[in-house]
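Asker: Take a look at the letters that make up each chain.
2 protein chains.
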Amino acid sequence: MDRREFGRTLAAGALLSSVKRLGAFQNQAGRRLRYCIVGLGRISMDHFMPACKRSRKSQVTAFVTGHRDKGERLAPEYNVPLKNIYSYENFDAIAENPEIDAVYIALPNSMHAEYTVRAAKAGKHVLCEKPMATSMKDSQAMIAACRSANRKLMIAYRCQYEPVNLHAIQLIRDGSLGTIQAIESANGFNERAGEWRLDKKLAGGGPLMDVGIYSLNACRYLTAEEPVKLEGFCTVVDNDGRFTTVEENCGWTMHFPSGAVASCNTTYGASMPGFIRVHGSKGILEMEPAFSYTGIHLKANIKGQPPIEQSVNYDDKEQFLVEADYFADCVFNNKEPKTNGEEGLRDMRYMAEIYRSAGRSLD
Amino acid sequence: MDRREFGRTLAAGALLSSVKRLGAFQNQAGRRLRYCIVGLGRISMDHFMPACKRSRKSQVTAFVTGHRDKGERLAPEYNVPLKNIYSYENFDAIAENPEIDAVYIALPNSMHAEYTVRAAKAGKHVLCEKPMATSMKDSQAMIAACRSANRKLMIAYRCQYEPVNLHAIQLIRDGSLGTIQAIESANGFNERAGEWRLDKKLAGGGPLMDVGIYSLNACRYLTAEEPVKLEGFCTVVDNDGRFTTVEENCGWTMHFPSGAVASCNTTYGASMPGFIRVHGSKGILEMEPAFSYTGIHLKANIKGQPPIEQSVNYDDKEQFLVEADYFADCVFNNKEPKTNGEEGLRDMRYMAEIYRSAGRSLD
Chain G
204 MDRREFGRTL
214 AAGALLSSVK
224 RLGAFQNQAG
234 RRLRYCIVGL
244 GRISMDHFMP
254 ACKRSRKSQV
264 TAFVTGHRDK
274 GERLAPEYNV
284 PLKNIYSYEN
294 FDAIAENPEI
304 DAVYIALPNS
314 MHAEYTVRAA
324 KAGKHVLCEK
334 PMATSMKDSQ
344 AMIAACRSAN
354 RKLMIAYRCQ
364 YEPVNLHAIQ
374 LIRDGSLGTI
384 QAIESANGFN
394 ERAGEWRLDK
404 KLAGGGPLMD
414 VGIYSLNACR
424 YLTAEEPVKL
434 EGFCTVVDND
444 GRFTTVEENC
454 GWTMHFPSGA
464 VASCNTTYGA
474 SMPGFIRVHG
484 SKGILEMEPA
494 FSYTGIHLKA
504 NIKGQPPIEQ
514 SVNYDDKEQF
524 LVEADYFADC
534 VFNNKEPKTN
544 GEEGLRDMRY
554 MAEIYRSAGR
564 SLD
Chain D
204 MDRREFGRTL
214 AAGALLSSVK
224 RLGAFQNQAG
234 RRLRYCIVGL
244 GRISMDHFMP
254 ACKRSRKSQV
264 TAFVTGHRDK
274 GERLAPEYNV
284 PLKNIYSYEN
294 FDAIAENPEI
304 DAVYIALPNS
314 MHAEYTVRAA
324 KAGKHVLCEK
334 PMATSMKDSQ
344 AMIAACRSAN
354 RKLMIAYRCQ
364 YEPVNLHAIQ
374 LIRDGSLGTI
384 QAIESANGFN
394 ERAGEWRLDK
404 KLAGGGPLMD
414 VGIYSLNACR
424 YLTAEEPVKL
434 EGFCTVVDND
444 GRFTTVEENC
454 GWTMHFPSGA
464 VASCNTTYGA
474 SMPGFIRVHG
484 SKGILEMEPA
494 FSYTGIHLKA
504 NIKGQPPIEQ
514 SVNYDDKEQF
524 LVEADYFADC
534 VFNNKEPKTN
544 GEEGLRDMRY
554 MAEIYRSAGR
564 SLD
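Chains as they are written, first to last, in this note's numbering: chain G, 204 to 566; chain D, 204 to 566.
Any given hint could be a false lead.
Which copy is meant is left open, because identical chains are indistinguishable; a pair holds if it fits in one copy or across any two.
To be verified - Taking lysine to any residue and the SDA-like style, the derived pairs with C-alpha atoms no more than 20 Å apart in a straight line are:
hint	residue 1	residue 2
1	Lys502	Asp377
2	Lys485	Asn442
3	Lys506	Arg257
4	Lys340	Ile375
5	Lys502	Glu491
6	Lys432	Arg559
7	Lys485	Ile346
8	Lys432	Glu556
9	Lys506	Asn393
10	Lys506	Phe392
11	Lys404	Tyr529
12	Lys506	Glu394
13	Lys432	Gly562
14	Lys506	Asn300
15	Lys506	Arg395
16	Lys502	Phe478
17	Lys432	Gln508
18	Lys485	Arg395
19	Lys485	Glu394
20	Lys432	Gln513
21	Lys403	Ala555
22	Lys260	Phe535
23	Lys485	Ile511
24	Lys256	Glu398
25	Lys260	Val534
If you are wondering where the hints come from, they were derived from the structure by calculation, not from laboratory data.
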């Protein structure tokens, strides 16, 4: 126990004789879900972990990193005891650590399955970044592992917990927009050479897997429908060495059971801020930006109603806070997350279908 | 010759001893192309004909209408002599009328081919509204008829002559936007029951043929590429009797030889103001509205350049004026129109491919 941790334990006072006791106590009176962060990349360090700092339901109590020095530098900020810094090799030892309730997996996509399964076997709940994996088979294994360990599995579909997106859902669900006819959406960015996202082995696929998935998922949560047919094209424009294993661009169209159609694009070769536009028989709803960490903006023009415009003035941590806390609620109240493994698997299936129609394959 | 025409001829003065002489004279010194308007619908009466009024290269000298009374009411405004009002039955008599150089065909789509062929046989040039026809076969017949009569055939792709669209083309062509990766576009509207557009026999197809064609055509003129593959879905959401023969919605994706992808939507079931957004490696260009008679607005954000924003302050006649006059130039200078029959036929082929992929057919 280092000095910081000693001080922390001291401050907790005489009530607490063991970490196990602490857990039990917090469970009764405002316990926080104790996350082990798996992967100290940008999304963890800049967003998820700082979000937990301001949470009353979520906290960071451990790290898994390939760079112990990085973990040690970060530990004091989160009051993470050095003993709670794990490597990928000794990861399974989290099983013995009662200060960890759940893992937050923010690794390259190809590692999601392995660490989800290992975490479940270690008795921990799993919040895993999207896309849930790089194959359907892996996704199914993740679901099975969490189910057999009786642990929760949630895929971090941030936007399904974001208030502006939720408002859009509500405006469609309550019939304000009428019957939904057509949706356009795009989401992409210009990826730098050398990033793991450009390596199919690590990423599973290109921009469709990483950012196109936002459009795909949004078309589904906005319509509350599952596409019955998907067709797409995957292409490379820039022969600059970046796109030897994954697509640079993907354009696809979806057909929903109601008859609604959605046409979407994604790219790693151009700036493409996320947007989505929904055309209903009674009006148009659009979000732009639609999927970003901050600044999500909704406009709706509905027949016979004054124009609707909504932004929520939150910073880049807020969506992660809501997400982390939602999962904490699921764990504490034994509630199935709405973006559970099955939800993640659906997108995997649809992406596989888009890739297949484009002459590529998932995995 | 009615009183108005008499006065007009009188005013032309002693130089003119015959209508034929008038034509010859104007050809040398600022002659105007004399259009016979075929079909007195909204687009003719509200846009094309008023545009000719302010032109120094185009004028309306004859009508073809199924409602002679309508023609007679309109005649004075355009100094059209009553003898120059034709019906669909005596249409072929335009061959004998030297006051007609060209026809402007603004009929339901299924009639484009017949009246183009008859006009060509009558020795008249043809400016025909889009879509050029309702089948590939008809389109080919139109091209053949005009070619064998040595008459010009232009399809009225208004936006290919519109200054904001031309600016967009230029920004792409000069490389400002870098390599083009992806395009999103949509164009549609909520069609009223009872319109001829909802009858496949008259329209050939649904919104794809009528308004989706703007997105399709724009993707082609912006990229200067021809799609190599197209995939789409055609659907009906509203079972309210409107969509018994044509689709209500169509979503489709295109793959261009460079690798650029385009994903588009069209509808007759919702408001869907035309927009197009082009993602290049160096920036984003968008037009919204993109295809309307007025108010077309361009925004471009290009790396290392100040933001570009452009609107042109013209009214709803201006684009028709430019189009009518461009065709006049083609006729007078024996120039092939850039939106000739072959250009129209290409869109027909692509729409046929979209329909085919969607389990429908053109014609």
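Asker: Hint by hint, note whether the structure agrees.
Answerer: Quick rundown of the hints versus the structure:
no., hint, result
1, Lys502 <-> Asp377, "within (16 Å within a copy, 34 Å between copies)"
2, Lys485 <-> Asn442, "between (44 Å within a copy, 15 Å between copies)"
3, Lys506 <-> Arg257, "neither (41 Å within a copy, 37 Å between copies)"
4, Lys340 <-> Ile375, "neither (34 Å within a copy, 43 Å between copies)"
5, Lys502 <-> Glu491, "both (8 Å within a copy, 15 Å between copies)"
6, Lys432 <-> Arg559, "both (12 Å within a copy, 15 Å between copies)"
7, Lys485 <-> Ile346, "neither (40 Å within a copy, 41 Å between copies)"
8, Lys432 <-> Glu556, "both (8 Å within a copy, 17 Å between copies)"
9, Lys506 <-> Asn393, "between (38 Å within a copy, 12 Å between copies)"
10, Lys506 <-> Phe392, "between (34 Å within a copy, 14 Å between copies)"
11, Lys404 <-> Tyr529, "neither (31 Å within a copy, 55 Å between copies)"
12, Lys506 <-> Glu394, "between (40 Å within a copy, 15 Å between copies)"
13, Lys432 <-> Gly562, "both (16 Å within a copy, 12 Å between copies)"
14, Lys506 <-> Asn300, "neither (57 Å within a copy, 50 Å between copies)"
15, Lys506 <-> Arg395, "between (44 Å within a copy, 15 Å between copies)"
16, Lys502 <-> Phe478, "both (11 Å within a copy, 16 Å between copies)"
17, Lys432 <-> Gln508, "neither (34 Å within a copy, 41 Å between copies)"
18, Lys485 <-> Arg395, "between (42 Å within a copy, 13 Å between copies)"
19, Lys485 <-> Glu394, "between (38 Å within a copy, 12 Å between copies)"
20, Lys432 <-> Gln513, "neither (32 Å within a copy, 39 Å between copies)"
21, Lys403 <-> Ala555, "within (14 Å within a copy, 36 Å between copies)"
22, Lys260 <-> Phe535, "within (10 Å within a copy, 78 Å between copies)"
23, Lys485 <-> Ile511, "within (14 Å within a copy, 33 Å between copies)"
24, Lys256 <-> Glu398, "neither (29 Å within a copy, 61 Å between copies)"
25, Lys260 <-> Val534, "within (11 Å within a copy, 76 Å between copies)"
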